[in-house]
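Engineer: Sequence:
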Amino acid sequence: MIILKISILCGVLLLNAQNYTKNWEGSDLPGHSFAKFEDFNGKQDFKVKLDKNESFVFNYTANVKKGELHLEVKSPGGTVFTKNITGTDSGELKVLNLKGEQYKFIFRAKHAEGNFDIKYKKI
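Note that my numbering has the sequence shown beginning at 761, numbered continuously upward.
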């Protein structure tokens with residue numbers, strides 16, 4: 761029984777070792793999410809905090825000094841935006857929410873160092 765508990769604990773630790781971030785500083789507020797990080801590994805989800813039926817404008821700015829950073833904007837109905845970010849990158853996306861879905865944006869990273877700044881507002 762003890763060996764089983766130790767095996768389970770080691771498995772959980774091994775799986776979580778792949779998803780860590782060193783020196784993450786940021787905030788997630790309605791309409792504005794931002795962070796800077798030294799060694800971002802794994803995935804971080806953020807909900808778009810608007811009413812379910814509101815369309816919105818999504819603005820992003822990111823600076824990747826090293827590693828890999830990927831951004832997605834999606835709803836239960838599918839992905840509306842996907843981007844591998846290298847160097848300094850920024851853009852704007854209008855999301856017409858005709859089906860009244862909830863949206864989120866997701867960052868996936870592999871040893872990424874840098875920062876991002878996301879702003880969105882209803883239209």
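Please note: incorrect hints may appear among the correct ones.
Stated by the list, open to error - No farther apart than 30 Å at their CA atoms in a straight line, the calculated lysine-lysine pairs in the DSSO-like style are these:
id, residue 1, residue 2
1, 796, 782
2, 859, 782
3, 825, 864
4, 809, 859
5, 879, 807
6, 825, 854
7, 782, 812
8, 859, 796
None of these hints come from the bench; they were simulated from the model.
Engineer: Each of the hints needs a verdict: does it hold here or not?
Structural biologist: Structure-based check of all given hints:
1. 796 to 782: 10 Å, holds
2. 859 to 782: 38 Å, violated
3. 825 to 864: OK: residue 825 and residue 864 at ~25 Å, within 30 Å.
4. 809 to 859: OK: residue 809 and residue 859 at ~16 Å, within 30 Å.
5. 879 to 807: Holds - the C-alpha atoms of residue 807 and residue 879 are around 12 Å apart, at most 30 Å.
6. 825 to 854: 27 Å, holds
7. 782 to 812: Violated, at roughly 34 Å.
8. 859 to 796: 34 Å, violated
In terms of the numbered hints stated before, the structure departs from hints 2, 7, 8, listed from lowest to highest.
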